[in-house]
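Mind docking these for me? Both chains are given alone in their own frames, and the hints should help you get the complex.
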Amino acid sequence: MTDTLKYASCDVVIIGAGPTGLSAATALKRAGIEHVMVLDREPEAGGIPRQCGHPPFGIREYKRLMTGPSYAKMLVDTALKADVNIELKSTVTELKPEGVLTVASPEGLTELTAKRVLFATGVRETPRSARMVSGDRGLGICNTGTLQSMFHLKKMIPFRRPVVVGTEIVSFSALSNCKKAGICPVAMLEEDTRPTLRWPLHYATHLFGVPLLLNTCVVNILGNERVEAVQVADENGSLREIACDGVLFTGKFTPESSLARMSHLTFDPVTGSPVVDQFGRCSDLSYYAAGNVMQPRFGSDTSAAVPLYYTADNLPQPVKVAGQCWQEGKLAAGHIVKDLSGALPAASA
Amino acid sequence: MTIEQQRGRNTRDDKRTSGLLIASGDVAIIGGGVVGCAVARRMALEGASVILIEKAADILDGASKGNSAILHTGFDAPVGTLEWQCVQKGYEEFHAIHKSLNLPLLKSGALVAAWTEEEESRFNGILNKGKDNGVKDLRLLSRAEVISLEPNLGQTVRAAISVPREYVIDPWSTPLAYLQQALKNGGKALFNAEVTGGEFDGSDWLLNTAQGQVRARYVINCAGLYGDILDRDVLGGSEFTIKPRKGQFVVFDKAAAKLVKSIILPVPTERTKGIVLFPTIFGNFVVGPTAEDQEGRDDASVDKENLQVLRMQAIEKIPDLATIPVTATYAGIRPATEEKGYRIIEDKTRNWITLGGIRSTGLTSALGLAQHVHHLLAKQGAHFETITEPAVPCIPNLAEHLPRDWQKPGYGEIVCHCEMVTEREINAALEGQAPAGSLSGLKRRTRATMGRCQGFYCSARLAELTKGKFAEPLDVGEVND
Numbered sequence: 001m002t003d004t005l006k007y008a009s010c011d012v013v014i015i016g017a018g019p020t021g022l023s024a025a026t027a028l029k030r031a032g033i034e035h036v037m038v039l040d041r042e043p044e045a046g047g048i049p050r051q052c053g054h055p056p057f058g059i060r061e062y063k064r065l066m067t068g069p070s071y072a073k074m075l076v077d078t079a080l081k082a083d084v085n086i087e088l089k090s091t092v093t094e095l096k097p098e099g100v101l102t103v104a105s106p107e108g109l110t111e112l113t114a115k116r117v118l119f120a121t122g123v124r125e126t127p128r129s130a131r132m133v134s135g136d137r138g139l140g141i142c143n144t145g146t147l148q149s150m151f152h153l154k155k156m157i158p159f160r161r162p163v164v165v166g167t168e169i170v171s172f173s174a175l176s177n178c179k180k181a182g183i184c185p186v187a188m189l190e191e192d193t194r195p196t197l198r199w200p201l202h203y204a205t206h207l208f209g210v211p212l213l214l215n216t217c218v219v220n221i222l223g224n225e226r227v228e229a230v231q232v233a234d235e236n237g238s239l240r241e242i243a244c245d246g247v248l249f250t251g252k253f254t255p256e257s258s259l260a261r262m263s264h265l266t267f268d269p270v271t272g273s274p275v276v277d278q279f280g281r282c283s284d285l286s287y288y289a290a291g292n293v294m295q296p297r298f299g300s301d302t303s304a305a306v307p308l309y310y311t312a313d314n315l316p317q318p319v320k321v322a323g324q325c326w327q328e329g330k331l332a333a334g335h336i337v338k339d340l341s342g343a344l345p346a347a348s349a
Numbered sequence: 001m002t003i004e005q006q007r008g009r010n011t012r013d014d015k016r017t018s019g020l021l022i023a024s025g026d027v028a029i030i031g032g033g034v035v036g037c038a039v040a041r042r043m044a045l046e047g048a049s050v051i052l053i054e055k056a057a058d059i060l061d062g063a064s065k066g067n068s069a070i071l072h073t074g075f076d077a078p079v080g081t082l083e084w085q086c087v088q089k090g091y092e093e094f095h096a097i098h099k100s101l102n103l104p105l106l107k108s109g110a111l112v113a114a115w116t117e118e119e120e121s122r123f124n125g126i127l128n129k130g131k132d133n134g135v136k137d138l139r140l141l142s143r144a145e146v147i148s149l150e151p152n153l154g155q156t157v158r159a160a161i162s163v164p165r166e167y168v169i170d171p172w173s174t175p176l177a178y179l180q181q182a183l184k185n186g187g188k189a190l191f192n193a194e195v196t197g198g199e200f201d202g203s204d205w206l207l208n209t210a211q212g213q214v215r216a217r218y219v220i221n222c223a224g225l226y227g228d229i230l231d232r233d234v235l236g237g238s239e240f241t242i243k244p245r246k247g248q249f250v251v252f253d254k255a256a257a258k259l260v261k262s263i264i265l266p267v268p269t270e271r272t273k274g275i276v277l278f279p280t281i282f283g284n285f286v287v288g289p290t291a292e293d294q295e296g297r298d299d300a301s302v303d304k305e306n307l308q309v310l311r312m313q314a315i316e317k318i319p320d321l322a323t324i325p326v327t328a329t330y331a332g333i334r335p336a337t338e339e340k341g342y343r344i345i346e347d348k349t350r351n352w353i354t355l356g357g358i359r360s361t362g363l364t365s366a367l368g369l370a371q372h373v374h375h376l377l378a379k380q381g382a383h384f385e386t387i388t389e390p391a392v393p394c395i396p397n398l399a400e401h402l403p404r405d406w407q408k409p410g411y412g413e414i415v416c417h418c419e420m421v422t423e424r425e426i427n428a429a430l431e432g433q434a435p436a437g438s439l440s441g442l443k444r445r446t447r448a449t450m451g452r453c454q455g456f457y458c459s460a461r462l463a464e465l466t467k468g469k470f471a472e473p474l475d476v477g478e479v480n481d
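Note that the protein sequences, when read in sequence, are chains A and B. Sequential numbering from 1 applies to the first sequence in our numbering. Sequential numbering from 1 applies to the second sequence in our numbering.
Excised from the complex, chain B in its bound form (with noise of 0.2 Å):
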């Protein structure tokens, strides 16, 4: 039997409990990445009750698990889309709360670089594009200031387009603070609980679940890499079809941090948005993406020829990192369509919107993306009491240049030394009301064992401090000495 088959067995087997009624609630929210958070978010302070069904053991282990942690000030976004839009609106929208989530924004720029003559000869595209998208910053360098500005980048730079609020943010806490905020103001997250039907009475969804059922008013389908399975499954067809698509990421030793303060961005090509080198909100230096389309929804495997090729790459651009080791290696997975743009379709006679294709930009459009949701709700003529003073959850900040937990007495002990992450923080990340709900769920919400030594030292540590937290630990079993 293949892997594959053991899989889709295991999940048949995980159905047995589809019969009771579990939870009811005004919208149903199907997938917990960062888009499912948003929504869940916008709709639960706008005053519905809401219900996020997501089929794993923790929120963002699909396509969001993966990404560059950008926030697109949408410069090169298509013009005049619902993509665009939504990332304008997403990028306005973080600004204004992630100071009260306490979500951390590192302001580092990005400049557009261009390493060859053809690329420096669509720099008017791209300026024009910028203007007409209403990023009026946008900035021609030269090489001597794309020099000044970054010394390490390498030599034979020609020039940059400089676009001065491309920000970083912390990929994971982002998304977990929506879901926090949504919980702490009246909705509900189900885990483990895959939908694998559903029926609409008219005026009600009654949706099966690995739980039990769902009965929810509206449902949105944030589902991601199974996008258009669900709506085939519940609402008998789709509209668009998933074409998975790799992208295999390095991360360099903190040490990188130093030599590059920018998002190098490449200049996109008819045939490839190319690879970026950024810096994370971790101080950590990463590659990547590649883009690789493959079958398989699941598979964020790395291979060793590509991260070759994206070292080497990285190294052409910012020569200095030739001596900077690799941290950690990883894929994600974007739910990229047949289509380019952000699939969004209405099911208006079934209470049904779904939220295809959402890729690269979902990060930063999540925000903006639930404000559509919102308001297409609100066109349907669902009616909800906006909460006037929302709770608001306080997020534990990651950042490495704000200050950590560690840098406040009676942590307890610093159980990853790579990440200085501590014995409080784990232990804050396995309670409370979203859970880590695996050991990858309390790496992105701690850092634990995703520095240099990836758990040498701490790993024993961390098999004690999560035993009997999580249905896959990180032990096989006890034994005597």
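Just chain A, same shape as in the assembly (with noise of 0.2 Å):
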């Protein structure tokens, strides 16, 4: 972070160099924002499309179908032709009141304070453990964001046969990677009665000629060493077994913010994300959330005293796909906008 001290004080800082914090950061640039700087712990930007490498994305944005890593390209490429700042290995570690950050870099810890904080840290999925599922804890018991990574990031894969947990729209695009990476899942399972993704998107199952067991869950892993079978249970409990060399839990998405949680924002253990009024501002009116890090609570029971969303049955979190974070981001740079010349009404509370 060489640029540090002539930055020392920015107009904005967005965390997360994904689809919605680069679009928030060149439309803030494009609005004559003078000092946008986007801060990424990874150490290259352009988020999770940087490793799914399939179509479709870009339509909305470029008006173009692209592959995952092309449009990430593309967003960073804007980003810089905007003049926007973005510094990698940047990792924040703590948000303090009025937009102040603490920042660790591989030169040293800094602190950075912004006119407005854009928190744009996005979702990952829930991994084996908060779903408590039983079982060995062998190699190859991974999330498709893993898979994706491994495999598109450094060719290399976790496993060859797994058994793949899930039906969402991430399940599909493991289902695809999978293809491309020689993998041969055997066996797609879903608890419930019919797949989460809808009609006809699931029949994809077919296409990869790959068995999907509705009414199905894993009851248990095997294999203390490495996954070497699992056991299902279908809707009647009679248990069977299917050897297997991995086991991919796919989807439940949870937003990554524990920096938001650790903070003094007010914060939605339902959800997971900072509580923000309707212009995406949270409790400290210098910080905004916008893209996937933003789940909205689920049904008509908004007054859930325990949340469902830490237990192995929650319910799925529909994630955004790269488009509508883009959307988002840009509304998000709006609304930011609009605030620094002092048109956003200064508490809606």
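Hints listed in this document are in silico derivations from the structure and should not be mistaken for laboratory results. Note that beta-carbon positions come from the ideal geometry of N, C-alpha and C, so glycine has one too. Accuracy of the hints is not assured; some may be wrong.
Unchecked claim - Stretch by stretch, here's where chain A covers chain B in the computed footprint (C-beta under 8 Å, at least three residues): (1) 324-338; (2) 413-426.
Unchecked claim - Result set (DSS-like, lysine-lysine): computed pairs, CA atoms no more than 27 Å apart in a straight line: (3) K96/A to K408/B; (4) K155/A to K330/A; (5) K89/A to K469/B.
Written out as structure tokens, the structure reads:
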């Protein structure tokens, strides 16, 4: 972060260089905001699309059908062309009142002050542990994100014949990745009576030649060193064993929001997102949040005292696709521009 | 073929090379758990040439991999027993050495909390036992005092006994430091070297291992969950039988650590010791363990039902935990035996000592047990020249309340974002005298992938950094995109 001093007080700092953050940063620069800095903890900008080696990306934004990596590159190039400052390997370690951030980078710890901060840290899938799935803890158990980053970024594969758990959009991205990587899933499991992904897309399992087992869940994972089999139960509770060398837990997205959870910002433990007003502003008005880190409350029961969210039986979160995040980033930028010119109400409460 | 049979066959295949003499020394220690590491350290410092023999690819692969990481005062130990003595001595020695080894200590204190009248009625017994055990600072706290000390504790708490010197330590760096010090002072460690048999020729042992033969004057059996089997295989009999007892744990997100600062101990009943709620040195908060007797000595699997019960029990005692996500789940296996106490058995005619039945107090008592072993060997006539100025290793700090590596420039990059593990830390753990021999070993040395995302973000980078280092790698192969 050689430019830290130059930007020691920024107009806007954006945390997260994915579709939301980069789109917001570009929009802010284009609206004439002078110092806009995007911080990302990874060594490369672009966020999750970097590792999604398949279409469809970019239709809404660039009117073209692109794969994830080329879309990510386009987002970054567009932001850089707009003169956005992107700082990589820069981990925000603390959010402090009034836009003060502590940032760790290989050059050392620094403090930044921004007039406004946009929190755009995205989502991740729920790992096996938080789903409380029974069994051994051998190698070969992971989420789609791990499969994607291993395959697309490092050219490695974590298994050859996994069982895929879940039928969300990302689950089918997983199947597509498996096919490209020469991985042959032995089954796709869904505990519900029908796939989460709507008709007719779920017929994709046929395209990939993977048997889809509905009403079926993993009750036990076997294999101390590496996964050797899973025990599954159907709706009658009858058990059977499926030999495999991995378990791919897909979806059940959860905001990557611990930075907000640990901070002074008002936080909603049910959604796992910071609480925002209609402009996307947090309880500390110098902070905004947008993109996938903001998850809506489900259904009518907004008074749930014990969040279902963290239990194994939680509902799948409807993850926003890159185009929606890009749109939300632009929208947030619009609010921030207005806010900086004094055109937003001071507090909506 | 079942999984167990396959495994059995693999082990037998590994015994091909047993003919070659690969190491010789004064004391062979079988088992690289916390007890084995502590004994190796003590005997190395006393001037013996030690060889630690471990059957797994890394230390802490058995009972020592899953414990509660508490440094016990021994206030509730059985009065006057060897266990009590070793806990006390271990506690003292840890305090004497932890700073020089750079081992963290979280001075959390503990509360033995009563939630029912029946539990409260046992307080006098606990206070008296504490007094008998020489722990003089136990104090009875009223409900109001408990609530003011720990306001997030459930309001149904009735009273508590404060145990101010019950602390939290790093369960994995601590034994690693012991081994490192043994190695720095002339010791040797052999991995993937399961002991399959041995002969005593009247003055020396010749042990057969999966890596070759090891000659040693004395043998200390620290084989934990396999202690009885080792005695049977080599000595021809064992005075005890291991009755494996599983303990499952649920780890809550770091956000929970601000809720409660103390270790919350249960009032033990006749039937069960009960579950503990405790902060970890890494900034998490944990509930556990269960106590489940089982046949399998390797079966550290978790099960949903018990995990959910644990989580609900934790929420009962600390209601705000309901809003905290679960980060991880794990299980450990205690090498219980048919009796409650430690099973320390000396075969003086054959220079063999067995340290058996070391359960939850082992992390604290290991240093005391190691002193005891030295004492026993000295009585048997073993004489070594104590090292006057022993070399001292400096163990990387993983404790959340002390400065971590990412706070110092030049770390390369942060690889594991949840636990803030740097590239520099990972590279260091893969090098040196006792490098990580497996992904689990790397996790215990660095915390990589042990946080809330469980490897979602960093597994790919870790697979790259550890390429060619482990017998069981993270990936199963390379592909062309």
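Checked hints:
Here the segment 324-338 of chain B counts 7 residues with a CB under 8 Å from a CB of chain A, which clears the bar of 3, and the coverage holds. Interface restraint, the segment 413-426 of chain B with chain A: holds (5 residues with C-beta to C-beta distance below 8 Å; minimum three). Proximity of K96/A to K408/B is assessed by CA-CA distance (about 21 Å); at most 27 Å being required, the pair is judged to hold. Only pairs whose Cα atoms come within 27 Å are accepted, and K155/A paired with K330/A is rejected, the gap being roughly 34 Å.
Between K89/A and K469/B the CA atoms are separated by roughly 25 Å; this keeps the pair inside 27 Å, and the hint holds.
Checked against the numbered hints given earlier, the structure breaks only hint 4 and satisfies all the rest.
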